[in-house]
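Asks: Residues per chain are reported as follows:
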Amino acid sequence: MNDTGTAPPDSLAEVFWAFLKIGISGFGSTVVHARRMMVEEWRWLSAAEFDDIWSVCQALPGPNVVNWALCVGARFRGAAGAATAVLGIIGAPILIVMLLGLLHSLYGNRPEVHALLRGVSPVAAGLILSTAVKMAMGPRLRSWMAIFPVLSFCAVVVFKLSLGMILAVLLPLSVLAAWFRSRQGRQEKAA
Amino acid sequence: MTDWSLLWQIAADYLGISLLAVGAGVTTLPEMHRNAVERHAWMSDAQFAELFALSQAAPGPTTTMFSAIIGWHVAGPVGALVAVLGFLGPSCLLTYVTNHLWTRFRDSPWRERIQAGLVPVTVGLMFAAAWLVGRGAAHTYGAYVATAVACILMLTTKINPLWLVAAGALAGLMGLL
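Protein chains in written order, with my numbering: chain R, 85 to 275; chain Z, 52 to 228.
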């Protein structure tokens, strides 16, 4: 244990098994398990360190939890640690998804498999919709900023533009608008 | 026999999507749909929705799991691995390279500004993703009800979404949807 009360892993193998364990317990919210194990059980990181790494990984492209594993692995064991952590966190889910692919190519044509998946797909749409609604009700959209989700939705559904095009055009506008708005808010407060 | 041009196409698709996977959630799903259904005609709307439903059974990041399933559908196990490597490769590389710049970026006001601009665009993409999966799902009253009920339960209760998925599967098997 060091002066911050944390105890880093001793070997690459330890890194691998730790992230494998987090990856397997990742049904739903991996970050909750990750935090509990890393900070409370194993004490690899302090709570503040965990939050710092997590907040930056959220801002980078790619699945947050994979980026986060990579950063933690790199912090303790450099490039080898980063690769080991990514392999650990994504290894088990990849094996499971490969198994699903195999089962689907063997039995995917059977009517009961179709019926089952036809039952799940409207539910899956509902789950995505609920996340979208939750995000839409957040504080960032209570203004004319609400034009941006309408624009990005139409860009996909009506105009069928590529994601690269949509982000290249809308993101700078949206960032500028948010900046302008926060400046305006500050000036109003000052006046 | 390996179809190299197909594998190359999968790699190109997902390498191209990797760095666009910004914001939390399934923001890349519309682009995956655009590639697989509209550009390459690898599958129909209905197949896209079914395969997305299948990918939900795997733990792990949703879009990563879905990219594997699309890859497998197109070119078998090698296709699945190519899709995942393409999808994760560039973003992992970028994360590794920028990882030591953290502390400076964390305190920069631009991080908050970019986040403030990112969320509104992301929300629209999430609605589009729900629209695309919903459009591929069965067009019956039962299916619309299932979508609405799943959405409302997620918003008003703390139910584990796996129960909703299981209920949907059961309703599908019983021929209700």
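FYI, nobody ran anything at the bench for these hints, they're computed from the structure.
These numbers come from a predicted model, not from an experiment.
Warning: the hint list may mix true and false statements.
Not everything, but these chain R residues come out facing chain Z in the computed CB check (under 8 Å) [unchecked claim]:
id: 1; residue: Ala91
id: 2; residue: Ala208
id: 3; residue: Arg226
id: 4; residue: Val259
id: 5; residue: Arg270
Far from chain Z by the CB rule (all over 12 Å, computed), these chain R residues [unchecked claim]:
id: 6; residue: Phe100
id: 7; residue: Val240
id: 8; residue: Lys273
Beta carbons: idealized from backbone N, C-alpha and C, even for Gly.
Asks: All the hints need checking, so say for each whether the structure fits it.
Replies: Hints versus structure:
1. Taking 8 Å as the C-beta contact cut-off toward chain Z, the hint placing Ala91 (chain R) at the interface is violated, the least distance being around 22 Å.
2. The closest approach between the C-beta of Ala208 (chain R) and any C-beta of chain Z is roughly 5 Å, which is under the 8 Å cut-off, so the hint is satisfied.
3. The beta carbon of Arg226 (chain R) is not positioned within 8 Å of any beta carbon in chain Z (closest approach about 11 Å), and the interface hint is therefore violated.
4. Hint on Val259 (chain R) holds. Least Cβ distance to chain Z is approximately 3 Å, under the 8 Å limit.
5. The interface hint given for Arg270 (chain R) is violated, since its Cβ lies 12 Å from the closest Cβ of chain Z, which is over the 8 Å cut-off.
6. Non-interface status of Phe100 (chain R) relative to chain Z is upheld: no Cβ of that chain comes within 12 Å, the nearest being about 16 Å off.
7. Residue placement check: Val240 (chain R) does not keep its beta carbon more than 12 Å from all beta carbons of chain Z (closest about 4 Å).
8. At the 12 Å boundary, the C-beta of Lys273 (chain R) stays outside the reach of chain Z, the nearest C-beta of that chain being 17 Å off.
Consistency with the previously given hints fails for numbers 1, 3, 5, 7, ordered from lowest to highest.
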